[in-house]
Structure formats: structure tokens, C-alpha cells
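Okay, so the sequence shown: first residue is -19 according to our numbering, each after it adds one.
Hint data in this document are derived by calculation from the structure and do not stem from the laboratory. Treat the numbers as computed from the prediction; the structure is a model and nothing was measured. Keep in mind that a hint or two might mislead.
[Claimed, not checked] Simulated restraints, written as ranges between beta carbons of each label pair: (1) R43 to V6: 28 to 36 Å; (2) N17 to M49: 28 to 36 Å; (3) G42 to E15: 14 to 22 Å; (4) H46 to R7: 15 to 23 Å; (5) L(-1) to L19: 15 to 23 Å; (6) Y21 to V1: 26 to 34 Å; (7) V1 to R22: 26 to 34 Å; (8) R10 to H46: 25 to 33 Å; (9) V(-2) to M49: 13 to 21 Å; (10) V6 to H46: 17 to 25 Å; (11) E12 to R43: 14 to 22 Å; (12) R22 to T50: 16 to 24 Å; (13) D34 to R10: 14 to 22 Å.
Note that the Cβ used here is the ideal one computed from N, Cα and C, for glycine as well.
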Amino acid sequence: MIDPGGWSWEPRRAGAPVLPVGTRVVRIRRLEGREKNRLHYRLLMMECTSAAGDVRLAVEPGRLEHVLMTLAPAGYDVPRPVVE
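Input sequences plus hints: build the corresponding full structure.
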């Protein structure tokens, strides 16, 4: 959802998981191993860290920039996707 002040995360379903406060992107990569069997082949995996622990987000390539804008504070160097 777009607010006048920027991007915000809003779960679409009741009971959907909420991202922990302070989530930061560590790595962006293509799907590996069992992920390839369970998720759409075009998705990218964002590996993140937070005070609550590690978080993995499967993101459509076209929405990657929007998710990064939400998670990356100004001045934070965002890792480039690993495409092998």
C-alpha cells in the first residue's frame, strides 16, 4: 500500500505473518534446492535478518524494487540479486 509518506506493509489476509521490526536484507538469490519444487521458478528469494531471527521472502522480480524500498532505509546499501 502506498501512503503519502512512503511504502508500508499490509498483510492481505487475516492471520498473515507480520514482518519483524528492523528487518534488513542480507542477500537476494534465485531459488535453490527444494524451494524450486514448491515455489514458482521466476521468484527471487530475499534472505533477511532481524532481531527476531532470520526471515526469507519469496518475491516476484517485478515487485522486488517495492519490497526493497520498504525494507532498506535511506543510505543502506542493498545487495544486488545473485543471478547465476
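Tested hints:
Between R43 and V6 the Cβ separation comes to about 19 Å, which falls outside the hinted range of 28 to 36 Å. At about 30 Å, the CB distance of N17 to M49 agrees with the hint of 28 to 36 Å. In this structure the supplied range 14 to 22 Å holds for G42 paired with E15, their Cβ-Cβ distance being about 19 Å. Restraint check, H46 to R7: a C-beta distance of roughly 18 Å satisfies the suggested window 15 to 23 Å.
Between L(-1) and L19 the Cβ separation comes to about 18 Å, which falls inside the hinted range of 15 to 23 Å. Evaluation of the 26 to 34 Å hint for Y21 and V1 yields a pass: the beta carbon distance comes to about 32 Å. For V1 paired with R22, a C-beta distance near 30 Å keeps the hint of 26 to 34 Å intact. Taking 25 to 33 Å as the suggested C-beta distance range, the pair R10 and H46 does not conform, at roughly 19 Å.
Distance hint for V(-2) and M49: a CB-CB separation of about 18 Å, consistent with the stated range 13 to 21 Å. In this structure the supplied range 17 to 25 Å holds for V6 paired with H46, their Cβ-Cβ distance being about 19 Å. Look at E12 against R43: about 20 Å separates their beta carbons, and that is inside 14 to 22 Å. Evaluation of the 16 to 24 Å hint for R22 and T50 yields a pass: the beta carbon distance comes to about 20 Å.
Distance hint check: the CB atoms of D34 and R10 are about 18 Å apart, consistent with the given range 14 to 22 Å.
In the structure shown, a violation is registered for the earlier hints numbered 1 and 8, in ascending order.
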